[in-house]
Amino acid sequence: MYMDRFTSLHMDVLKEIGNIGAGNAATSLSQILNRKIEMKVPAVKIVSFDEMMDIVGGPERVLVAVFLRIEGDITGSMFFVLSPEEADRFVHRMTGDETFTFSTSQKNELAISAFQELGNIVSGSYLTSLSDFTRLNIQPSVPSVAVDMVGAILSIGLIELSQVSDYAIVVNTSLMDVEESEQEVKGHFFLLPDPNSFETIFTALGVIQDD
Amino acid sequence: MIDVSTVVKVGIADLNVVQSPQRIRTSGLGSCVGVVLFDEAKHVAGMVHVMLPNSSLAREKTLNTAKYADTGIGELLLKVQALGARKYAIKAKIAGGAQMFAFTSANEMMRIGPRNVESVKEQLQRYRIPLVAEDCGGNSGRTIEFDPTTALLEIRTVNKGVSQI
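Note that the protein sequences, when read in sequence, are chains A and B.
Be aware that the first sequence starts at 7, since it is given in this note's numbering, and climbs by one per residue.
Be aware that the second sequence starts at -15, since it is given in this note's numbering, and climbs by one per residue.
No lab work stands behind these hints: they were computed from the structure.
Treat the hints with caution; some may be incorrect.
Quick list of in silico lysine-lysine cross-link-like pairs, DSSO-like style, CA-CA up to 27 angstroms [what the hints assert, rightly or not]:
1. K26/B x K51/A
2. K45/B x K71/B
3. K26/B x K71/B
4. K71/B x K105/B
5. K45/B x K51/A
6. K26/B x K(-7)/B
On a predicted model such as this, the values are computed, not experimentally measured, just so you know.
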């Protein structure tokens, strides 16, 4: 089954997954950073590959990304992406090292490791709540961090589904720091289930599929 | 009528052709490979943004030929010839095929960059198109732009700046 057979009910179920997952992730992020982080209502969209890159500012925009593969009853890819400036701020709060920046190619192992751990915790809480909600066995791989063009980063998550379609179903949740006046978007979670996993998710949640 | 000095964009799993003074570019290549076929004397070029090594992987109903190395290069070859490129004069330049994340996962898909590059080279041999320059592998994303007037491929990365091949 793929997206040509998706109804609004299916989209709502995916939206709820984004809601629960990112809600828990925002809570753990708030705890690590000791700041109030809130999330926006998740958006579930069927987009072309090019449109997906445009959601985060176009394929050439440089972002810091934590990427992990999902394994177990369902498979897929997950990304937590942030602007380099915001990732810097997160690392400063975690390590107390104000000199670190992702904008230079100079690598600071401790800072990258700290950011990787942050990614590990927030994506772990996203997936744990997804697992609890669906009662499926969901295991994240060890996360990997990259600072590069969005197109180059997110396309890795499209490899599996590009064999089936030219469109991706993106469960996108944006995070905001409510203690800052502008309340600008701080980061995005992207959940990209592999094509075969949609059926597993919907069956686990008791959503009837029509043939 | 061709607009002077415009840049034609090629999306993901997409292909297009240009004539001087137009240039052609694709942005944010990671594991994907950008393949340029050109006839230097005729100032004609085409570019395909290859995502997957082989169309035998396809499980889609209508095949997007530009997505796969085997079908994409074949179609691009026809399109540049239709624009005036001569088969015997066509040469290739390629870039991309990076491994963006260091993964120890057993998943073969994580090696997709090198596999794309191998497959592109096989296809170029199959069509007897000489590969005159390449910038492949590594772990950086690339944005590439080809100018058919100079036959130079400009490659921009986040950490290493701009180079030309």
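We went through each hint and held it up to the structure:
no., hint, result
1, K26/B x K51/A, "43 angstroms, violated"
2, K45/B x K71/B, "31 angstroms, violated"
3, K26/B x K71/B, "12 angstroms, holds"
4, K71/B x K105/B, "17 angstroms, holds"
5, K45/B x K51/A, "21 angstroms, holds"
6, K26/B x K(-7)/B, "21 angstroms, holds"
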